[in-house]
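J.: Each protein sequence line maps, in turn, to chains A and B.
Letter 7 of the first sequence, counting from 1, is numbered 7 in the numbering used here, and no numbers are missing.
So the numbering used here is basically just the index in the second sequence, starting at one, shifted up by 114.
Hints listed in this document are in silico derivations from the structure and should not be mistaken for laboratory results.
Among the clues, some could well be false.
[Claimed, not checked] Looking from chain A toward chain B, a few residues come up when the C-beta cut is under 7 Å (computed):
| # | residue |
| --- | --- |
| 1 | PRO41 |
| 2 | ARG43 |
| 3 | MET45 |
| 4 | LEU47 |
| 5 | PHE64 |
| 6 | GLN101 |
| 7 | GLY107 |
| 8 | SER109 |
From a predicted model like this one, the values you see are computed outputs, not experimental measurements.
Yeah, the Cβ is synthetic: ideal placement off N, Cα and C, and Gly gets one too.
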Amino acid sequence: AQTVTQSQPEMSVQEAETVTLSCTYDTSENNYYLFWYKQPPSRQMILVIRQEAYKQQNATENRFSVNFQKAAKSFSLKISDSQLGDTAMYFCASTRRSGNQFYFGTGTSLTVIP
Amino acid sequence: EAQVTQNPRYLITVTGKKLTVTCSQNMNHEYMSWYRQDPGLGLRQIYYSMNVEVTDKGDVPEGYKVSRKEKRNFPLILESPSPNQTSLYFCASSSIGRSLTDTQYFGPGTRLTVL
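The task is simple: from the sequences and hints, build the whole structure.
T.: Below, the structure is given as structure tokens:
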């Protein structure tokens, strides 16, 4: 099984500033995928960004980017120019490339302060 | 509109009274899955299905059953609910393609309370 750890239960950031959410994982696989999901107060789960482990280039999606450190098994999410709508719970998740199960972290609650 | 629907959205029941939470997707996805979300524990996978008539246990399958008789539907069955099954439940689906890498589409969630 894989494990995903998010060590920051809560974080806050000023509007327009940059914030980084941490995630570490443990796997014995070589091929796997990593994801960040956002869960706003509406409780919907929204995919923010995903990274393929065999790709060295860090994934980016507009204001969201990741810092993927494969050797360190670290997968942090950077949110630039934070907006009020970024206030949400953020979950890090992983799955094996050949597997069928998803593993989620415990989440980081992010509050963007006006 | 591509979507995953769950019913009911909210349910309060009593211990031992069998219940079913329905999940349906309109995207012709092969893969469907159930999760429960509890404070401090994140999302944990209950069961998943790779295709019709193919289901497998996730990390926390005890006390739950599922079936996949049709591609679009993946109901979650609690034969004898207990208070420790009070939780927020999510259904999700995705296509498989060459690997399980495509986006998972999540339903809106079902808030279950077992008294």
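J.: Evaluate each hint against the coordinates.
T.: These are the hints, each one checked on the structure:
1. Nearest Cβ of chain B to the Cβ of A/PRO41: about 12 Å, over the 7 Å cut. The hint is violated.
2. Taking 7 Å as the C-beta cut-off, the interface hint given for A/ARG43 holds, the closest approach to chain B being about 5 Å.
3. Because the beta carbon of A/MET45 sits about 4 Å from the nearest beta carbon in chain B, less than 7 Å, this interface hint is met.
4. For the restraint placing A/LEU47 at the interface with chain B, the shortest Cβ-Cβ distance is roughly 5 Å, inside the 7 Å limit, so the hint holds.
5. Because the smallest distance between the Cβ of A/PHE64 and any Cβ of chain B comes to about 15 Å, over 7 Å, the interface hint for this residue is violated.
6. The closest approach between the C-beta of A/GLN101 and any C-beta of chain B is roughly 6 Å, which is under the 7 Å cut-off, so the hint is satisfied.
7. Because the smallest distance between the Cβ of A/GLY107 and any Cβ of chain B comes to about 5 Å, under 7 Å, the interface hint for this residue holds.
8. Of the supplied interface hints, the one on A/SER109 is violated, with its beta-carbon coming no nearer than about 11 Å to a beta-carbon of chain B, more than 7 Å.
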